[in-house]
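Number of protein chains: 4
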Amino acid sequence: MSSARIEPDPAIVEAAIELGARFSLDAAALDETARFPVDNLAELHRRGFFRAVVPPPFGSAGSLVEALKVVSALSKGEPNTGLTLALQYLLHSPLLRLDRDAPSWRLRARIAESAVEDGALINVLRVEHELGTPVRGGLPATIARRVTGGWRLTGRKIYSTGAGYLAWNAVWARSDDDAPLVGVWVTPRGAEGVGVVKSWNHLGMRASASDEVTFDDVFIPDDHALDIRRPEEWAQPDSVELAWTFVLFSAIYDGVARAARDWFIEFLKRRKPTNLGAALATVPRLQEALGEIERLLYINETLLFSTAAAVDRGVAPAATQTSFLKCTVADNSIAAVEKALSLTGNHGLSRHNPLQRHYRDVLCSRIHSPQSDTVLAAAGAAALR
Amino acid sequence: MSSARIEPDPAIVEAAIELGARFSLDAAALDETARFPVDNLAELHRRGFFRAVVPPPFGSAGSLVEALKVVSALSKGEPNTGLTLALQYLLHSPLLRLDRDAPSWRLRARIAESAVEDGALINVLRVEHELGTPVRGGLPATIARRVTGGWRLTGRKIYSTGAGYLAWNAVWARSDDDAPLVGVWVTPRGAEGVGVVKSWNHLGMRASASDEVTFDDVFIPDDHALDIRRPEEWAQPDSVELAWTFVLFSAIYDGVARAARDWFIEFLKRRKPTNLGAALATVPRLQEALGEIERLLYINETLLFSTAAAVDRGVAPAATQTSFLKCTVADNSIAAVEKALSLTGNHGLSRHNPLQRHYRDVLCSRIHSPQSDTVLAAAGAAALR
Amino acid sequence: MSSARIEPDPAIVEAAIELGARFSLDAAALDETARFPVDNLAELHRRGFFRAVVPPPFGSAGSLVEALKVVSALSKGEPNTGLTLALQYLLHSPLLRLDRDAPSWRLRARIAESAVEDGALINVLRVEHELGTPVRGGLPATIARRVTGGWRLTGRKIYSTGAGYLAWNAVWARSDDDAPLVGVWVTPRGAEGVGVVKSWNHLGMRASASDEVTFDDVFIPDDHALDIRRPEEWAQPDSVELAWTFVLFSAIYDGVARAARDWFIEFLKRRKPTNLGAALATVPRLQEALGEIERLLYINETLLFSTAAAVDRGVAPAATQTSFLKCTVADNSIAAVEKALSLTGNHGLSRHNPLQRHYRDVLCSRIHSPQSDTVLAAAGAAALR
Amino acid sequence: MSSARIEPDPAIVEAAIELGARFSLDAAALDETARFPVDNLAELHRRGFFRAVVPPPFGSAGSLVEALKVVSALSKGEPNTGLTLALQYLLHSPLLRLDRDAPSWRLRARIAESAVEDGALINVLRVEHELGTPVRGGLPATIARRVTGGWRLTGRKIYSTGAGYLAWNAVWARSDDDAPLVGVWVTPRGAEGVGVVKSWNHLGMRASASDEVTFDDVFIPDDHALDIRRPEEWAQPDSVELAWTFVLFSAIYDGVARAARDWFIEFLKRRKPTNLGAALATVPRLQEALGEIERLLYINETLLFSTAAAVDRGVAPAATQTSFLKCTVADNSIAAVEKALSLTGNHGLSRHNPLQRHYRDVLCSRIHSPQSDTVLAAAGAAALR
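Going down the list, the protein sequences come from chains E, W, S and R. Heads up: the first sequence is residues 372 to 756, going by the numbering used here. Heads up: the second sequence is residues 372 to 756, going by the numbering used here. Heads up: the third sequence is residues 372 to 756, going by the numbering used here. Heads up: the fourth sequence is residues 372 to 756, going by the numbering used here.
Please note: incorrect hints may appear among the correct ones.
Same chains, same names: a pair is fine if it fits in one copy or spans any two.
[Stated by the list, open to error] Taking lysine to aspartate or glutamate and the EDC-like style, the derived pairs with C-alpha atoms no more than 16 Å apart in a straight line are:
no., residue 1, residue 2
1, Lys-710, Asp-744
2, Lys-710, Asp-489
3, Lys-643, Glu-501
4, Lys-569, Asp-594
5, Lys-710, Asp-470
6, Lys-569, Glu-501
7, Lys-643, Glu-414
8, Lys-569, Asp-489
9, Lys-569, Glu-583
10, Lys-710, Glu-484
11, Lys-643, Asp-397
12, Lys-710, Glu-378
13, Lys-710, Glu-672
14, Lys-710, Asp-633
15, Lys-569, Asp-549
16, Lys-640, Asp-594
17, Lys-643, Glu-672
The set of hints was computed from the structure by calculation and includes no laboratory data.
Could you build all of it, start to finish, from the sequences and the hints given here?
Right under this line is the structure:
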């Protein structure tokens, strides 16, 4: 287990802010063409962000506050880039808590090195057509069949962000044993039998390449079975892992909401209707509406940073709390953009302006598990025990 | 002034329902390509809808309840078609209240005949870049210059639904007199100097061709100055005209919300997540959410039909009331679709399904004047007098 | 079955408005002392309101629009009076639809005559400690034991508005048969064994005497068993009866909200803070808030009157619709008063002013069945069938 | 300036929790009789809380986290007690930041000693009939006239929590100079001419004795003019002072909401409707509603503790942030109790149960400045600069 620094590195945070601003210039085009932000990711690799994403001894990751600032700044500029980097943080951060002689250390180390060296991307592919999201339970239909020296994997995974651009597909599947094991198998780089169906066509986050990945009898050597167990051995993720997940996913959409807020401010300052004879910024009702947006973002910021700082201090809040964070930041981010949208009429709805894109993107915050209803029902049930 | 029947014609209402269902099949393609629904409108003309839209003696219009049912049924299928037909109702319905020897009778009659005969479209073009919407006050920048035998019109009008497909552009402008007159000049069919800038690129209602129309020294004969007055002679529209406007515009978006509701019901019945082992339709929380959508549509329906029936009985509610109707139906329609969207996760947000399109369309209900803030402020001020 | 006039009688409506205004002067005192409004009810009897409440041939009731106007005007002044009169409308209106040779005609006729002659009050007592509200199912614990010439009734009923002031207690109970019958037994005037426990101590509607009534072996002659059946023979109330119930109960709380609105307007006009240098009525934000209150009341009014008029025309809306009406008017009435309360700070919360009383009263709208959750769940389930 | 410990003292926090629980037993009676909680305050003095409220060298105050925990625990039991103690924290905490040779040190020291020794209460009386709240600007009408050896004070102050029980009245007034000074004069203990008008009769916080205090030519010696300046020298309170104020006032109502939540949980566990055949706690919809209440309280807790901890670390958030905290905690606390109220029907509204009292109390959170509209408008205006 590596001991990691928890002080955010100001240089990497600065760089994230600078790149976020630069990436924002291309964000409309990425949305329009639904092109995965490969150039942005290459630039992030050049600028050392993949080192920042990977824990020691390979990189420098460790501070959730730093990760939060990085993902937030990038997502404010271009959220598909922010999402992709957030996934790398999440996939590598378990190294922080992993013993060096744990069985999965070697594979994880190799993946981590490839990230630092080549900017190799990884994602865990979980969702299947039949399942809904697996968080809600159920065995995967994707099957790893035992063969000499390894496994043969067959199945299909939807909503696989980065599909076609991933160096490593970490696939949630089950074995063909009588008593099936479940867990994660990783396809080796360049494995044969991996295909992509370009099915992702959502209202927002259009450049995330969250397409379907197909596995047709893909050979996976024994040492690429990352972590497979009996179903009952899979406990809930621990509170630290959940905190990282919920903080970083939330940071993406909070970043989008901040971009919307900034555009709204510029709009209020710039727009001077003839019949008003002054900028909209002078209208009390609009000032109050902006104040409400600021209030929502203040709540987001306080929840995100106090949680991240607690994690960095070693006192991660319980899952109930971080689940509340996830829902609240999502709701507030949507509400903030929605408010701006409802007050800017034609200007906000026009695709000539970015606000409608921010809105389409921020609506996607809801599709990350857990959904509000699940969170609230679980919290209520817990309070009644 | 023609006396009109007020009993809805069941045949035309039936036909609207049938065509709405048919038009819905093509609605996604129209949205995708942002193509104006010319085929739908041609079909509407063939099926007698332009007669239904024009009052006697040229057609059979007169019942707002009938118009409401027609616009609602068509908009549920394809709202850009519904919007275009609603505009025709609104442009022709003043004939109901116009004296035969009024100065504008002849031009209006000619326009009405062209509608019945050729399905000729008309729209009043009001909005300019500099003005915001004119409802909020201010003189138009578009100028009609007096010349021999008529006028020369120069200016630009944005948000001009049907731009490029209108037989008649009815243009809100002012004269070049020292004490300028303001009002509506109509460009003759095929007039030279009329251009279109394809600037409409909104989140929703993409097939409405609400582009910019430019007028470059367009000659308008004297008898095409439809109604021009001193600015102070323009009173508020009367309560009957406002009722027609607010009821029919509201009917469009209520129709969209009903389409969303129908899809949501189908989704709940069809979708059977593995881990639930039954259709989503069996989940009490989702039943209750659907009940809330039904409640919103019940309010819409009651407001719309009781108002339309009152107008048909000759007792149109005051402007304050019909303005409330406009805001409430818009808010409820948006809320109904939003609720469905928030409960269907990836399925609702995917462009493979129509719900996100309904949502994009219904959000455009807000851009029709008057906006909620204006309505509420005016109503509050009135209550304090 | 009597044929009834459906045109509201302007004289009775005028009188209700006049008396509502007069009753408002004493409303704070009734609230403070939790005294049942016996004087108001006596005055209503003197002024002919008990005739207006009873259908022909005994009285003149028949128009739901008239009843709505009466209950609304009285409740705006003093809602406990309005509630008590609403109950009389509901208890007598079944006579409108009852055949003269129906078994219950004679008892109903006698009760009706006592209302017209003496202002005798009746209420149906349904709720028991153990049951929650019976609408949600379940047999009553109150038992009618067969004895010579009639029955002996024993049990306890809570939330019995008018307890101690009722001439007739109509009690929902079950027989002691092996296969118990259920239904309504009516205690004769002055019956022995009827007691009252002063348990009603709610936040609002404090003067309604909705106390507990106890029945200790009360003798009920055979002809006072109003309507008793096998449990499975009790169908849902018909849509006309539900419409009367939901419209009149809703009218009470809508009336309360209108009283709150009127006070809010006076407050805005009267209050001139030093630092504003003008009346609050000049503040745009407060005008807009008042506009929102007006909008809520507009929706209430439209739902109430269009429903009542439909009932009077013989086309009562389905139960789903009138249930929606009930929830919506309750929600809107609460929201309207809440909005005024949130904007008047210390003034609204002070018991020196009536607004907090209106709020306490209007919150009681929720305790009448059906509750929103039941309504929405049923409507959603119905839409999925 | 005294250096203060910032680690909360577990003993005092424990004691607050214990006393809060004990005080809750008497809270309904205090509410019913509107009696100021003198016994509770005496007990708090006996148990050392007045030492905890006063900074060194007289007491041990200094940690806002500790103060927050104390006020929260007491207010959960009996909020009028919590409010009174919060006021003492606020009135004494400036000593933390005051230089020992500041002109006001001696008087403050004397007041502080009297608190520690006798449990002497102080409050700053600001509000006047004519002014609205002074935060919104304007000179006080209460006048201090210069006389030999001091001043003569005349005026009236409303909303003076603890009126009649205060050892020290700190009165916001102005001098009778041509260029009036404004500031705070303190009436000596037992001063003649101080009267109380029992005018406080609010919906909630009924035992707070927030009555009117009258000053009729009260003599105030020179050394009791605590802090008087030219009007323009009164800057906004600094961010530390605002943070203390907003955190502690918010803690009161958050505490009330927690009491409501606890009762709601007990109600759900205890209540078993016949027709459900199980406790309400088993109903998913109610679990989800409780989850929402938990979520609101989670947000409150995170905002309150992260702000208090920041203040204790010497990095108090800006006024905009702590104003947001104030509004948000107030809104969330009201919403949490309202939700419980709306789901418990008759049980929640009955004065036999505490929920309606919690609701009446929590509504009073809105009357503390600043109101939401002011906060949002200021924040919006600031964001536009």
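Can you give me the call for Lys-710 and Glu-672, within, between, both or neither, at a CA distance of at most 16 Å?
neither (18 Å within a copy, 26 Å between copies)
Identical-chain pair category, Lys-643 with Glu-414, by Cα at 16 Å
neither (39 Å within a copy, 43 Å between copies)
If the cut is 16 Å between Cα atoms, do Lys-643 and Glu-501 qualify within a copy, between copies, both or neither?
Between copies, since 9 Å is at most 16 Å while 53 Å is not.
Status of Asp-489 relative to Lys-710 across identical chains (alpha carbons, at most 16 Å):
neither (42 Å within a copy, 44 Å between copies)
Regarding Lys-643 and Glu-672, is the shortest C-alpha distance of 16 Å or less found within a copy, between copies, in both, or in neither?
For Lys-643 and Glu-672, neither the intra-copy (32 Å) nor the inter-copy (38 Å) Cα distance is at most 16 Å.
If the cutoff is 16 Å on CA atoms, where do Lys-569 and Asp-594 land: within, between, both or neither? Let me know, please.
Close neither inside one copy (30 Å) nor across copies (58 Å); limit 16 Å.
Within, between, both or neither, where Lys-710 and Glu-378 count as close if Cα-Cα is 16 Å or less:
neither (35 Å within a copy, 41 Å between copies)
Within, between, both or neither: how does the pair Lys-569, Glu-501 come out at a Cα-Cα threshold of 16 Å?
neither (18 Å within a copy, 43 Å between copies)
Within a copy, between copies, both or neither: where do Lys-710 and Glu-484 come within 16 Å Cα-Cα?
neither (44 Å within a copy, 45 Å between copies)
Pop the pair Lys-569 and Asp-549 into one bin, within, between, both or neither, using alpha-carbon distances up to 16 Å.
Answer is neither; intra-copy 34 Å and inter-copy 63 Å both fail.
Pop the pair Lys-710 and Asp-633 into one bin, within, between, both or neither, using alpha-carbon distances up to 16 Å.
within (13 Å within a copy, 27 Å between copies)
Within a copy, between copies, both or neither: which one fits Lys-643 and Asp-397 at a CA-CA cutoff of 16 Å?
Intra 28 Å, inter 40 Å, cutoff 16 Å: neither.
Hints 2, 4, 5, 6, 7, 8, 10, 11, 12, 13, 15, 16 and 17 from the list above are not met by this structure, while the remaining hints are.
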